[in-house]
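Residue numbers (UniProt numbering), protein chains in the order written: chain A, 1 to 388; chain B, 1 to 388; chain C, 1 to 388; chain D, 1 to 388.
There's no promise every hint is true.
The list makes no distinction among identical chains, and a pair is therefore deemed to hold if it is satisfied within one copy or across any two copies.
Stated by the list, open to error - Straight-line Cα separation of at most 27 angstroms, DSS-like style, residue types lysine-lysine; simulated pairs:
| # | residue 1 | residue 2 |
| --- | --- | --- |
| 1 | Lys116 | Lys8 |
| 2 | Lys116 | Lys102 |
| 3 | Lys8 | Lys31 |
| 4 | Lys31 | Lys116 |
I should point out that these hints are in silico values taken from the structure, not numbers from a laboratory.
Listed here are the chains, written in short residue letters.
Protein chains: 4
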Amino acid sequence: MRHEDAAKAAVRGLGVETASWAYANSGTRFKVFPQPGVPRDPYEKIDDAAVVHRLTGAAPTVALHIPWDEVDDYTALAAHARDQGVRIGAINANVFQDDDYKLGSVTNPDPGVRRKATDHLLECIDIMDATGSKDLKLWFADGTNYPGQDSIRARQDRLAEALAETYGRLGADQRMLLEYKLFEPAFYSTDVPDWGTSYAHCLQLGERAQVVIDTGHHAPGTNIEFIVAFLLRAGKLGGFDFNSRFYADDDLMVGAADPFQLFRIMHEIVSADAHDPAQGIAFMLDQCHNIEPKIPAIIRSVLNVQEATAKAALVDADALAKAQQDGDVLGANGTLMDAFNTDVRPLLATMREDQGLDPDPVAAYERSGHFETIRDQRVGGEQAGWGA
Amino acid sequence: MRHEDAAKAAVRGLGVETASWAYANSGTRFKVFPQPGVPRDPYEKIDDAAVVHRLTGAAPTVALHIPWDEVDDYTALAAHARDQGVRIGAINANVFQDDDYKLGSVTNPDPGVRRKATDHLLECIDIMDATGSKDLKLWFADGTNYPGQDSIRARQDRLAEALAETYGRLGADQRMLLEYKLFEPAFYSTDVPDWGTSYAHCLQLGERAQVVIDTGHHAPGTNIEFIVAFLLRAGKLGGFDFNSRFYADDDLMVGAADPFQLFRIMHEIVSADAHDPAQGIAFMLDQCHNIEPKIPAIIRSVLNVQEATAKAALVDADALAKAQQDGDVLGANGTLMDAFNTDVRPLLATMREDQGLDPDPVAAYERSGHFETIRDQRVGGEQAGWGA
Amino acid sequence: MRHEDAAKAAVRGLGVETASWAYANSGTRFKVFPQPGVPRDPYEKIDDAAVVHRLTGAAPTVALHIPWDEVDDYTALAAHARDQGVRIGAINANVFQDDDYKLGSVTNPDPGVRRKATDHLLECIDIMDATGSKDLKLWFADGTNYPGQDSIRARQDRLAEALAETYGRLGADQRMLLEYKLFEPAFYSTDVPDWGTSYAHCLQLGERAQVVIDTGHHAPGTNIEFIVAFLLRAGKLGGFDFNSRFYADDDLMVGAADPFQLFRIMHEIVSADAHDPAQGIAFMLDQCHNIEPKIPAIIRSVLNVQEATAKAALVDADALAKAQQDGDVLGANGTLMDAFNTDVRPLLATMREDQGLDPDPVAAYERSGHFETIRDQRVGGEQAGWGA
Amino acid sequence: MRHEDAAKAAVRGLGVETASWAYANSGTRFKVFPQPGVPRDPYEKIDDAAVVHRLTGAAPTVALHIPWDEVDDYTALAAHARDQGVRIGAINANVFQDDDYKLGSVTNPDPGVRRKATDHLLECIDIMDATGSKDLKLWFADGTNYPGQDSIRARQDRLAEALAETYGRLGADQRMLLEYKLFEPAFYSTDVPDWGTSYAHCLQLGERAQVVIDTGHHAPGTNIEFIVAFLLRAGKLGGFDFNSRFYADDDLMVGAADPFQLFRIMHEIVSADAHDPAQGIAFMLDQCHNIEPKIPAIIRSVLNVQEATAKAALVDADALAKAQQDGDVLGANGTLMDAFNTDVRPLLATMREDQGLDPDPVAAYERSGHFETIRDQRVGGEQAGWGA
């Protein structure tokens with residue numbers, strides 16, 4: 001019972017940030033399959049995010065992507081979010097969709113392109129100021145496709161320079177979250193390909209620069225929970241971009257490909273009390289829903305994070321520590337597996353009822369009529385997508 | 001000297017098929033960077049392919065992709081190709097870019113969609129008849145993104161049914177080439193994910209169904225030359241889609257990522273005399289040139305195949321066989337490496353001069369003025385891309 | 001309730017074969033850590049296997065490895081097994097631990113070595129005759145370490161020849177199960193590296209040759225349940241070597257690395273009623289317990305297979321089929337996940353009580369005193385290991 | 001010509017360290033195939049290393065592994081090396097072959113085991129003092145096999161503590177080289193799994209702690225030359241353990257699996273002038289020759305490093321820099337490939353003749369009679385292996 005209460009408390013405190021672009025159309029290089037009811041502007045994206053929050057009670061913030069979410073008046077956008085019951089989360093800079101960025105943005109050999117890219121990063125901080133966002137999230141598509149195409153080392157110098165200028169512009173209560181990614185869109189080298197690179201730059205920059213772990217951005221065989229544990233120990237874990245993948249990339253709902261891995265990640269988090277909002281770890285979804293309906297997929301993803309967190313909180317920490325200290329390999333593993341094998345859905349249903357929520361947010365969404373509303377009302381105009 | 005002559009002869013006989021879509025714009029899911037001078041219709045694509053053939057003497061055929069290369073009169077298109085000195089190669093069916101295909105084409109749970117997809121395959125055979133093409137190349141984007149989304153097994157039944165109907169429509173001198181691919185665009189399961197699946201279906205279909213190896217479509221650690229050797233032994237290797245990749249996909253110039261691998265593949269080919277055109281192996285490029293100029297990249301790719309073939313033909317087969325039989329591990333490996341380490345570029349330059357070609361086709365292209373011509377003339381209209 | 005009964009019935013019918021060598025010492029190339037109480041001969045291994053069966057009611061057969069389990073009188077060994085309540089399962093041939101096999105066994109360039117290796121395979125059939133075993137399980141360590149070391153293709157010819165001779169010697173009620181493995185101990189090429197190779201040879205051999213899937217022997221990103229579904233459809237799935245691995249090899253308890261994957265595999269099995277013993281699929285454990293106590297690890301592994309099977313049997317097949325047919329991606333996935341997320345341990349505990357077993361076999365083993373007995377009695381002599 | 005002279009100079013300055021254990025028997029977990037003539041003690045290993053140096057002029061140092069190379073009098077061993085014309089290189093600590101280390105060495109949950117392990121590290125520094133070695137090379141087999149087995153984070157604390165104590169004992173002219181490894185022998189988590197972890201600890205320790213890159217210890221898809229470039233830029237690259245692998249581990253001759261990768265690595269080295277011995281990068285071989293004769297395999301490996309270095313030195317750096325600055329993707333790649341495609345063997349043969357060496361060290365070894373001598377003389381006693 002004690003553990004169940006702890007699990008409920010752990011989950012109740014956890015806010016999962018949803019991404020504005022996940023409500024918009026997306027696809028692969030082969031095809032984007034448009035869906036009915038998709039938002040046509042940032043306001044409508046926020047409306048959808050608010051629906052997710054109302055149903056789950058667990059998605060209080062929504063991340064923006066600039067320029068996909070470019071508006072004339074960011075203060076008004078933030079106000080709209082507040083009116084809807086949510087807040088603006090991280091501002092995601094986008095320096096990969098202009099023709100200028102063909103050979104890179106902040107690492108481009110051309111100083112003019114670098115200037116343009118860095119200016120965009122600075123502009124994103126302006127938007128943070130206007131929206132109250134505290135996190136600047138940086139992912140760079142920069143890299144090269146062919147050996148020799150550019151100097152790997154010189155690109156690091158350029159990257160460091162742009163990061164330093166941007167970091168210098170941050171307000172005292174603002175952070176820089178630096179993401180890494182093994183590959184794609186660059187095929188040969190990526191300028192921030194792994195956590196080590198991100199960590200090294202963040203260390204150089206200062207306290208308010210931290211690493212973001214995108215769960216789908218690792219080489220096969222990478223132990224992601226090791227990275228979580230290492231960065232927590234070093235005080236350099238800024239947050240997650242949650243999603244899952246079977247092989248190559250990061251487009252599936254978090255927990256869909258390997259729920260045990262998500263549990264292991266949350267076990268590291270809970271073991272370090274890093275689910276406590278006071279610790280400032282950002283738990284963000286960064287997924288695309290190419291063939292499945294977007295809003296219920298996002299609700300399902302929030303629930304998946306909650307379920308993994310609840311299971312992690314159910315781990316009998318004392319028994320685990322004792323078995324570990326005793327070198328009882330099977331006992332320690334068994335203690336962890338006991339928690340994973342527990343069905344936490346009833347517990348979370350109760351928790352939701354305590355919060356005045358529907359115990360089954362997915363079913364509640366189906367009944368809510370929201371989909372029928374947006375399908376019928378959002379006609380005309382242009383559906384939002386990655387390019388808009 | 002004897003080996004050098006053999007190498008020249010091997011290379012001289014080898015025709016590399018270029019792909020119409022490689023001359024068009026392409027990119028990643030993040031961005032397509034358009035290039036100046038890109039063709040605006042299939043006729044202009046063929047013009048570019050003809051330039052590659054004139055400069056290399058080694059690219060006599062060009063593959064089409066339907067509907068990307070849809071025209072009113074395929075006989076006229078084939079005649080245009082002949083006028084330009086090239087022929088139509090494989091017809092590539094495309095059943096992945098209609099909204100209907102969101103959940104699959106020939107494996108879709110909806111029989112109406114399956115019918116539509118199979119009809120497209122049959123239509124491609126009509127185009128073969130009209131253009132004189134002998135090869136129907138099939139790649140299916142079909143698969144699922146989430147466990148449970150569809151029955152893996154039922155999809156195989158549907159696939160088998162569509163393939164059988166299509167195979168039955170082939171003329172006596174026409175072939176079906178069935179490609180496989182580990183992943184993408186489907187994230188969880190792919191309906192033809194590996195050579196075993198393609199092989200099993202081809203075996204079921206009959207003699208004129210053969211496997212295509214796309215060099216970029218394998219899991220990490222896969223020994224591709226093993227597959228080449230196995231399929232040659234079984235009489236089921238139909239051809240290659242050449243390209244290269246460092247991690248995930250298949251967009252780089254063949255030989256760019258791992259020239260030693262390409263050499264090992266060609267060593268299996270040459271060891272089995274399968275470079276002899278009489279054996280009917282199709283050597284096709286299937287690459288995209290997202291950031292590099294397209295025509296010179298394609299010329300470079302043709303040269304890479306030629307260089308790997310020449311090196312393979314330089315292997316001292318008798319010495320290799322003896323060392324293998326003697327269990328002389330280092331001697332056998334050394335014999336292979338001797339050929340790989342040889343610089344065959346002078347030999348190929350001589351061969352080209354003997355053929356009345358420029359010894360350096362890339363430089364010849366730069367001097368030819370073709371790029372300036374197409375850049376200036378191909379203005380207005382819409383550049384061809386994957387979607388057109 | 002109906003589903004729960006189906007789940008119990010599915011699990012009750014399932015026998016998991018344990019491996020004699022799993023009770024013996026094992027390790028990595030770096031070090032074997034010996035454990036107290038390890039068997040010193042095949043009789044003691046069978047004693048341990050019998051303990052696992054008595055506690056789980058689910059491990060009625062034990063596989064042998066020849067020559068690790070060489071005895072003078074196999075009939076006596078089989079009788080001993082019967083006395084202990086178990087039977088001899090598959091006979092595993094071992095043609096990789098003689099100095100002669102440095103460059104291969106049945107694919108060795110030296111015909112004398114091939115003869116010796118094939119003779120060993122035939123001898124294993126003699127042992128099948130003597131013990132009543134129905135399955136000859138073949139795994140070949142054969143392959144090469146360096147490109148060029150041997151002819152990939154010639155090795156296939158030699159393999160086919162040895163398999164044909166061996167197959168010809170099988171009795172009418174005996175099978176050949178051909179395993180495949182991506183890599184190791186060969187570093188460059190493996191002679192049976194993937195399911196396609198095994199399948200092609202089995203097809204050539206005849207009905208009583210079938211493929212064995214070792215769950216730990218695949219390249220990263222391989223969808224194993226696809227292979228299960230494909231082979232079931234083709235009538236060529238002979239069985240499993242169960243184990244799990246995070247990156248490279250296959251030494252962990254089945255279900256330990258990715259319990260969701262094991263569930264998906266058993267979902268394919270249950271969907272095809274292939275858990276029904278009448279279908280003849282062999283469910284075998286092939287694991288090594290290098291640092292954890294062996295017998296409880298094997299019990300845990302049996303339970304893991306049972307839990308995955310129970311969850312698979314809980315899948316609402318009608319709802320799943322409907323969602324799949326309707327193209328309801330989230331609904332279909334959700335139906336599968338509902339079963340996976342269910343805690344089946346109480347259900348299985350009940351089932352065991354119905355069978356007159358302890359509901360918790362691991363705890364029952366701890367209480368049984370067996371470990372203390374073998375620790376004290378099995379002193380002197382030489383502990384069994386991979387080499388003996 | 002200028003470039004050729006530069007290439008010769010670059011290669012002439014490069015010393016490749018060979019490993020004492022590479023001269024001894026080794027194998028996989030399945031089997032060690034012993035070879036005739038293998039050394040029986042550290043003195044004989046040094047004799048073989050001296051042969052490699054005499055023939056190549058490029059292998060002046062030999063690394064030791066403690067306790068595999070334990071002797072009573074290390075000063076005498078160092079003197080023996082000097083007499084043979086070589087020096088003692090890095091001292092490699094071995095804390096993975098005692099029964100105590102089953103659950104780890106310096107990260108073991110048991111403080112007594114940690115003490116023992118750290119004491120061994122300190123003892124290795126004593127041996128450095130006695131032999132004149134400047135480099136302490138640390139590789140830890142430490143990790144866990146099962147999730148939950150131990151606290152990932154606590155193990156980092158323990159690791160940091162042991163490293164700090166050891167670092168504190170180093171002399172002013174001694175270094176600590178910290179290796180990382182993705183997996184094996186631990187199957188689930190490894191305590192130093194990637195360069196980021198090693199880098200972070202080295203940063204914490206101080207200037208004389210540096211990262212060692214073992215080329216065979218990376219996840220699929222990892223860009224190793226990126227790591228080289230990054231660590232050079234950060235002043236934290238201590239050296240290499242050279243070898244190559246196709247899939248899983250690290251036992252093949254360097255350059256055997258992917259010669260282009262080795263070239264790209266050496267291109268980063270040469271671009272930073274890091275081949276200059278004054279920069280202190282250690283170029284070490286860490287390979288095992290399981291089926292091929294050891295001494296010629298080691299000679300071949302030294303030549304492979306020389307050839308890659310020569311090719312790297314032939315890169316037209318000015319043309320490359322210009323093409324990179326101009327964004328000329330194909331031009332830049334072509335400049336790199338021109339160097340790679342050059343056959344540098346004649347150039348290196350000339351260089352050797354200039355040095356008074358045989359132009360073909362492998363052939364010279366075959367003719368030298370050394371193998372026949374050791375085969376005949378090294379009889380009786382016990383051949384050295386990984387365990388001795």
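We went through each hint and held it up to the structure:
1. Neither within a single protomer nor between protomers do lysine 116 and lysine 8 lie at most 27 angstroms apart by alpha-carbon distance, with minima of 47 angstroms and 44 angstroms respectively.
2. For the identical chains of this complex, lysine 116 and lysine 102 are intra-copy neighbours only, at 13 angstroms inside a copy versus 38 angstroms across copies, given an alpha-carbon limit of 27 angstroms.
3. When the C-alpha separation of lysine 8 and lysine 31 is checked against a cutoff of 27 angstroms, the pair qualifies neither within a copy, at 41 angstroms, nor between copies, at 43 angstroms.
4. Taking identical chains as interchangeable, the C-alpha atoms of lysine 31 and lysine 116 lie at most 27 angstroms apart only when they sit on different chains, with a minimum of 18 angstroms there against 30 angstroms within one chain.
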